[in-house]
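Colleague: The chain contents come next:
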Amino acid sequence: MTQSAARASFAAVFGSVLVRDLTLAWRRRTDALLPLAFFVVAISLFPLGVGPEPGMLRDIAPGVVWVCALLASMLSVGSLFAADLADGSLEQMLLAPQSAIALTLAKCAAHWILSGVPLIATAPLIGLLFGMSGPALLALVAGLLLGTPILSLLGALGAALTLGLRSSGMLLILIVLPLAIPTLIFGAGAVGTIDAGMSASGHFSLLGALLISTAMGAPWAIAAALRISTE
Amino acid sequence: MSSLAPLVQPTGTLPTELAAAAVHGLRGLSAKTDTAPTWVLQTRALAGQRGEHALFAGLDLQLQAGSLTWLRGRNGRGKTSLLRLLAGLSTAAAGDIQLCGHSQREIGPAWRSQLLYLGHQNALKDDLSATEALAFLARLHGLPASPQALAEALNRLGVAHRQHAPVRTLSQGQRRRVALARLALAVDVPLWLLDEPFDALDQDGITALNALLSDYCAQGGCVLLTSHQPLSLQQPEPQMLDLEPYACS
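Note that the protein sequences, when read in sequence, are chains A and B. Every position in the first sequence, counted from 1, becomes a number in this note's numbering once 1377 is added. Every position in the second sequence, counted from 1, becomes a number in this note's numbering once 52 is added.
Misleading hints may appear alongside valid ones.
Claimed, not checked - To be clear about the criterion: a stretch of chain B counts as covered by chain A if any three or more of its residues have a C-beta under 8 Å from a C-beta of chain A, and this derived list gives those stretches:
1. 151 to 164
2. 184 to 198
3. 288 to 301
As the list claims (entries may be wrong) - Derived DEER-like restraints, expressed as beta-carbon distance ranges:
4. B:S155 / A:A1388: 40 to 46 Å
5. B:S155 / A:L1515: 55 to 61 Å
6. A:V1396 / B:G225: 25 to 31 Å
Source of the hints: derived by calculation from the structure; they are not laboratory data. These numbers come from a predicted model, not from an experiment. A virtual CB, placed ideally from N, CA and C, is assigned to each residue, including glycine.
Here chain A stands alone, though its shape is the one from the complex:
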């Protein structure tokens, strides 16, 4: 018996999972916008809580944006694999002849496009709201550009590790938040150094290094965690 069917390539698996996730998000647009709404609402609480003094708001803005971005991406990552586990899609994806790395990378990319990119796009508006300067805004966006993929990868790792557990949401946040601390420090720190009139290239280099090392390690760990969860 010959097998005439063309074998699914890495790119085909990556592409079909990514396109499917984006299509599903498009068909449920309101659900997909919830992390962004959370991000904006949570940030707008800070001026109410700490008072409207412009100097203080400008100082805390980078930290506030980063913390809220981190929480928004943790909230949305919880359902990354849960729906696929519930309807059996995850099992079928793990049965694809390609290694599960293509699948995990596609899921992380879809999460970043759906939760990271909207946050990056709104961050300049938030920064203006808090009275941040032009160079500081640029540094904030550049930092988020490097940092949000790290958050998606770490979040996916937490989601895979806690898949199928009760109270997985809280556990996920407890696992991922400590891992995200370096990203938070260098991301918010970059804006601070720019504000102080210094070069932030060191911060960006470290963020880039974090992104590379997470991208090298996390997909394998996620794939292994998914296999254990579905066993």
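Model the placement of chain B on the given structure of chain A, informed by the hints.
Modeller: Showing chain B alone in chain A's frame:
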């Protein structure tokens, strides 16, 4: 193993003579290798468990090309666990499995391209149309996914008229038919592992699936399935495999 290389070639051919040659190496295991039948699946002293609970042990299984085997056993006996084990979704407590003469360790992920596993979940997304959901699964497994192939597959299972309807609006039986349409795309895969394929199907659906199974086996395919209802399949005659004698506890 010298016969490993051709199997993992991108062309994906699975020469019968190679599989047969691999079986010759196991001559001591089977009395029937003189005529060199093509064993698609062989297990030796296979044991399965769910969590800490041992389900079955000492399972020696030999499935020939062109055969259909009905896996039976009481609820909780480990029928689904056995199918998942053979599909490579979980690991055996003991024993080994050979698919077309190769063990899982030898061929790695290529193992999964030699079989099709259909669980009792349909793996269809509610928000996709029947065609989109089927196309996604086909692309994932490297099966033909052209619009004609998909339409033909859905037509074989009698759900062509609902091909653009969202899965959410389909009945349970129609969803099962869409999931089973993947079989019509996978006739080149040597082994089908089907968990309760007749679940939720009406008489027409059962007839369509029987025809598909007959055609597949006639082309040299090998099927292992579970079913709670008696099989109405005529050709090939289903072989019974009862898990009860292998049960632990």
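Colleague: It remains to establish, for every hint, whether it holds in the given structure.
Modeller: Hint by hint, here is what the structure shows:
| no. | hint | in the structure |
| --- | --- | --- |
| 1 | 151 to 164 | holds (count 3) |
| 2 | 184 to 198 | holds (count 9) |
| 3 | 288 to 301 | violated (count 0) |
| 4 | B:S155 / A:A1388: 40 to 46 Å | violated (29 Å) |
| 5 | B:S155 / A:L1515: 55 to 61 Å | holds (57 Å) |
| 6 | A:V1396 / B:G225: 25 to 31 Å | holds (28 Å) |
In this structure, the hints that do not hold are numbers 3 and 4, in rising order.
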